Amino acid sequence: MIIPVRCWTCGSLIADKWEEFHERVENNENPEKVLDDLKVNRWCCRRMLIAHIDLIDEILPFS
Amino acid sequence: MDIDIIELLPNSVKFILEDTSIAFANAIRRIAIAEVPTLVIEDVYVLKNTSPLFDEFIAQRLGLIPLKYDADTLELNFRDECDCNGIGCNLCTVTLTISKETSQEPAIVYSGDLISSQEGVEPISSKIPIVKLGPNQALELECMAQLGTGKNHAKWQPVSAMGYQFYPVIEIDHEKIKDPKKVADACYRNVFSIKNGKLTVENLLNCNLCGYCTDFAEPGAVQIKHDSSKIIFSFEINNGMPPSKLMEKAGEILLSRIDELKNKLEVITTSEEE
Ligand code: SF4
Ligand SMILES: [Zn+2]
Ligand SMILES: [Zn+2]
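Protein chains in written order, with the working numbering: chain A, 1 to 63; chain B, 1 to 274.
Think of the hints as simulated: they come from the structure by calculation, not from any bench. Some hints could be false.
Here are the simulated DSSO-like pairs of lysine-lysine, each with C-alpha atoms no more than 30 Å apart in a straight line [as the list claims (entries may be wrong)]:
1) B:K155 to B:K127
2) A:K33 to B:K14
3) B:K132 to B:K48
4) B:K176 to A:K33
5) B:K155 to B:K178
6) B:K176 to A:K39
7) B:K245 to B:K155
8) B:K151 to B:K127
9) B:K14 to B:K225
10) B:K127 to A:K39
11) B:K245 to A:K39
12) B:K48 to B:K195
13) A:K39 to B:K155
14) B:K68 to B:K14
15) B:K14 to B:K176
16) B:K181 to A:K33
17) B:K230 to B:K262
18) B:K230 to B:K245
19) B:K181 to B:K198
20) B:K225 to B:K151
21) B:K230 to A:K39
22) B:K155 to B:K182
23) A:K39 to B:K48
24) B:K100 to A:K33
25) B:K182 to B:K195
26) A:K33 to B:K230
27) A:K39 to B:K132
28) B:K225 to B:K176
29) A:K39 to B:K198
30) B:K176 to B:K230
31) B:K48 to B:K100
32) A:K39 to B:K151
33) B:K127 to B:K100
Note that the structure is predicted; figures quoted are calculated from it, not measured.
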């Protein structure tokens, strides 16, 4: 749907990193390196960004 | 007690506590997680919401946004201990508002759109997406932030991934090892290196005491022990407070608890004597 605000497991903030992550991965950067750059160290937080699919645009017309 | 800092970043820290016990480290950990107060949004009044997400969904996301709050410059009461009897007043509540409307272009509502009524209180990042608005949609909210502790809800928890381990002590018997390379390669945390054909400990602090490497050495050749008076402690801060400040707060709360216990015991023992 929309990127969760915090990591489900450890509770650290991840939502503010989503846009940069998404943009850089779209530009064919290696996700592993981008996550390291963004200082997302633990794998609980890394999976939040890697496994996320943004579906908010699909439901946008249904207000 | 000595503190030896291994790594200090703006929002995370790793250090060694010397001459202490695991019980003490755990007391600090539990207090930091459950008892150090922080400020987050608790009540949300929805004035207008024509966005694609439900009111509850948006309120839940707002509640998870960590807010900057410095207990030394801004004194707030817990709402249930405040003079207003839990109704909410300036001394216990900070109001934040959002009002955003779109015309033809869709737009994302960010945490930066939250307008705080109190100086010094704001989201720690202005780039947290809250909801996306399509053409001709509007969102108007009034949010009430209040103090709370991690034992009531995890959103108030100031730290994440707070933990500790014993200080590793690795003993190597060079006579017994036949294939040092095999042992060095077995460790997935790169603790060992080979120097002059001998197995040496290179990054001792990386060792997490898992004992996996001992399976690849001859019996008794590599022994993983720990020093139980030394503890490696690490945590990450969620709400922008400096790590040293959090430890200070946790220490203050621990001391006040001990004082409370002592006073109660004194009252009981004196009343029994009478
Ligand atoms: S105990 Fe685990 S982490 Fe430590 S050296 Fe052995 S394999 Fe590596
Ligand atoms: Zn996490
Ligand atoms: Zn009040």
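Checking each numbered hint in turn, tell me which of them this model violates, lowest number first.
4, 5, 6, 12, 15, 20, 22, 23, 24, 26 and 29
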